[in-house]
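Asker: Chains A and B, in that order, give the protein sequences. For the first sequence, my numbering assigns the number 1 to the initial residue and increments by one for each residue that follows. For the second sequence, my numbering assigns the number 1 to the initial residue and increments by one for each residue that follows.
One or more hints might be untrue.
[Stated by the list, open to error] Here are a few chain A residues that face chain B, going by a calculated C-beta distance under 7 Å: (1) A37; (2) V147; (3) L333.
Quick caveat, the hints were computed from the structure, so don't treat them as lab data. Just so you know, even glycine gets a beta-carbon here, dropped at the ideal spot from N, CA and C.
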Amino acid sequence: MIRFEPRSNVSSLFALALPIVAGITALALAAIPIAAAGGEVFAAYGHIFKGAFGSKFALSELLARATPLIFTGLAVSVAFRAKLWNIGAEGQLYVGALAAVAVGSGAISAPAYIMIPLIMLAGMIAGGTLMLAPTLLKTRLGADEVVTTLLLNFVVLLFVQMMLEGPMKDPMGMGWPQSEPMTSAATLPKMFPRMRIHWGLVIALVSAIVIYIMMKRSVWGFEIRATGENVSAAKHAGIPVTSTFIKVGLISGALAGLAGVSEVAGLKGYLTSDISPGFGYTGVVVAMLAGLSPVGVVIAAVFIAAVFVGADSMSRAMGVSSYIADLVVAMSLICVLISSLFVRFKIRFVQPKKTPLAAKGEA
Amino acid sequence: MEYIDILLSANFWAAAIRIATPLIFGVLGALVCERAGVLNLGIEGIFVVGAMCGWMAVWLGAGLWGGVLIAALAGAFFGLLHGILTVPLGLSQHVSGLGITMFATSVSYFTYRTALPKVSSPPRIEAFQPLDIPVLSDLPFIGPALFQQTSMTFLALAMVLLVSYVLYRTPLGLAIRAVGDNPSAVEAQGLSVFALRIGAIMAGSALMALGGAFLTMSAFDAFFFGMINGRGWICIALVVFASWRPGKALLGALLFGAFDAFQIRLQNEVGAVIPSQVFLMIPYLLSIVALVLVARKADYPRALLQPYFRGQR
Numbered sequence: 001m002i003r004f005e006p007r008s009n010v011s012s013l014f015a016l017a018l019p020i021v022a023g024i025t026a027l028a029l030a031a032i033p034i035a036a037a038g039g040e041v042f043a044a045y046g047h048i049f050k051g052a053f054g055s056k057f058a059l060s061e062l063l064a065r066a067t068p069l070i071f072t073g074l075a076v077s078v079a080f081r082a083k084l085w086n087i088g089a090e091g092q093l094y095v096g097a098l099a100a101v102a103v104g105s106g107a108i109s110a111p112a113y114i115m116i117p118l119i120m121l122a123g124m125i126a127g128g129t130l131m132l133a134p135t136l137l138k139t140r141l142g143a144d145e146v147v148t149t150l151l152l153n154f155v156v157l158l159f160v161q162m163m164l165e166g167p168m169k170d171p172m173g174m175g176w177p178q179s180e181p182m183t184s185a186a187t188l189p190k191m192f193p194r195m196r197i198h199w200g201l202v203i204a205l206v207s208a209i210v211i212y213i214m215m216k217r218s219v220w221g222f223e224i225r226a227t228g229e230n231v232s233a234a235k236h237a238g239i240p241v242t243s244t245f246i247k248v249g250l251i252s253g254a255l256a257g258l259a260g261v262s263e264v265a266g267l268k269g270y271l272t273s274d275i276s277p278g279f280g281y282t283g284v285v286v287a288m289l290a291g292l293s294p295v296g297v298v299i300a301a302v303f304i305a306a307v308f309v310g311a312d313s314m315s316r317a318m319g320v321s322s323y324i325a326d327l328v329v330a331m332s333l334i335c336v337l338i339s340s341l342f343v344r345f346k347i348r349f350v351q352p353k354k355t356p357l358a359a360k361g362e363a
Numbered sequence: 001m002e003y004i005d006i007l008l009s010a011n012f013w014a015a016a017i018r019i020a021t022p023l024i025f026g027v028l029g030a031l032v033c034e035r036a037g038v039l040n041l042g043i044e045g046i047f048v049v050g051a052m053c054g055w056m057a058v059w060l061g062a063g064l065w066g067g068v069l070i071a072a073l074a075g076a077f078f079g080l081l082h083g084i085l086t087v088p089l090g091l092s093q094h095v096s097g098l099g100i101t102m103f104a105t106s107v108s109y110f111t112y113r114t115a116l117p118k119v120s121s122p123p124r125i126e127a128f129q130p131l132d133i134p135v136l137s138d139l140p141f142i143g144p145a146l147f148q149q150t151s152m153t154f155l156a157l158a159m160v161l162l163v164s165y166v167l168y169r170t171p172l173g174l175a176i177r178a179v180g181d182n183p184s185a186v187e188a189q190g191l192s193v194f195a196l197r198i199g200a201i202m203a204g205s206a207l208m209a210l211g212g213a214f215l216t217m218s219a220f221d222a223f224f225f226g227m228i229n230g231r232g233w234i235c236i237a238l239v240v241f242a243s244w245r246p247g248k249a250l251l252g253a254l255l256f257g258a259f260d261a262f263q264i265r266l267q268n269e270v271g272a273v274i275p276s277q278v279f280l281m282i283p284y285l286l287s288i289v290a291l292v293l294v295a296r297k298a299d300y301p302r303a304l305l306q307p308y309f310r311g312q313r
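Build the full structure now, drawing on both the sequences and the hints.
Answerer: Structure below.
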């Protein structure tokens, strides 16, 4: 018989180690599909590692990929802390990018030190506002935010396509549905010449620190955590639950919006409707791997980015389908979900007792 | 007026029923899971698995009904995974469901790409053809609208009857509904909450997979990436709209199909003025509106989202 016993205290080292073990387990399980696709398993791992960490260029790719994931991971984890299930980071990313492009592609001309805060603010407002609607529908009308945020992703993506084929289309874009490029004042500079890593990474790291301090030190953070632990107890303790949900929604949406800003202003330079290969959804994996902690988000985002970048280069080198990266990420989520059980419970193997009386006594 | 002409054409209603068919499977599947107390957000991925497995089974020579069976089994397998994660382990149903969606989707795409690495145009199978029922198909209006559908549409309609019969007329159905409302009472009756919930999730997921299989084996004859395109999520919204009743689920799916078919035809008329994306947005917005309209009076299964541990409460 297997029994779960709740743990009274969890050492933080143990809580930190488990997601890492989960990530490694997922990579090990990936051997099965790699072998099934006819790849040499050990060589494949070598390629993944080299593709992710093997050169300055690989590291730059890795960190460029991790940047939006830090933002969306933070967005999802802040909301999940309050048990506000924001599955709409993907849509919030796109409206953030759209707002940044609307402000930063020539509509306003100002020096960079004004322009960059301005496009960040625009993206945060757009993302936050988009998350406000499902939050209000939840608190006012009881509509499940999982479904509403999810469905809004599709609406937003279509809206972005509509804008890129219509009013915001770049007339110089050779007919491609893409926005006008960001002006140079509205561009986040690259950190090193000829590499894709840009200052959005620094903004992401600063955001993680801000969120960390907010969650740990501020009244807001306390209210958010209390609401997530137990809504009715929080209400009873006099915490304004509704306004806490609204705050959390705004913060979460704003963070996801920043992901979009950083991608258009730092990486792409203009907006297309395929700017995100699901960064919003991957943010859920990042947040779960991180155990919803802001520091964990940075580590988890780098891990997931390494999987994507490494697996991409492996799939090119070995001819294994590139969906292997998505597969490893999905398996990581399931592994971390299972391992979260070990954080909350001790698992005891109990020998079934012979006599029913003794069994009763033990229970 | 043209709009009336659209609504009066048999062709329009035939399309409405065709569009509704995968949704009927999906809503029924989600409904069965939720009636047993477990939200299954794996639906989007299970649609992909059903579409891919059904198609591939036929492509490898299993025959059409063999494909249907294999799609259902594949769906049940992912349902089992979701069941184990959420029922005995009691993990977050939201996150587990999303994990299943990601896993099922990527595993399907990976398998498809691995089996067919270098094909630019997807191979096609001999899909289900519209039935030609002797007398009924020749009826005016109703014939072409209802009786020239494929067998899978009739399977979907039969499933509505089967699910409502099982849920409301059998002891098993009573137990499933009870386990979604008050699991400790079910346990007190000497029934296994675990077995009932996991069984319901597997059955529900098998139904969802059939919705996906309909797309590759009946609506189209090939599998392509991104073909599910949010249909699963719409089913999750439709379950709330249907207030967890199979009859209303059928109605909701048909309304949705009719609306979708209508907007496609409308698009041809006024497409020059209004961008096509506006029309494509409408199903999602409509789902949100439906969700909001019924959210307040929705009669949720009372134990939905709550894990049950033996001896607790």
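Asker: Work down the list of hints and note, for each, if the structure agrees.
Answerer: Verification of the supplied hints:
With 7 Å as the threshold, the beta carbon of A:A37 comes within range of chain B, its nearest partner Cβ sitting at about 5 Å, so the hint holds. With a least beta-carbon distance of about 5 Å to chain B, the hint placing A:V147 at the interface is held under the 7 Å criterion. With 7 Å as the threshold, the beta carbon of A:L333 comes within range of chain B, its nearest partner Cβ sitting at about 4 Å, so the hint holds.
Against the hints set out earlier in the document, no violation occurs for any number.
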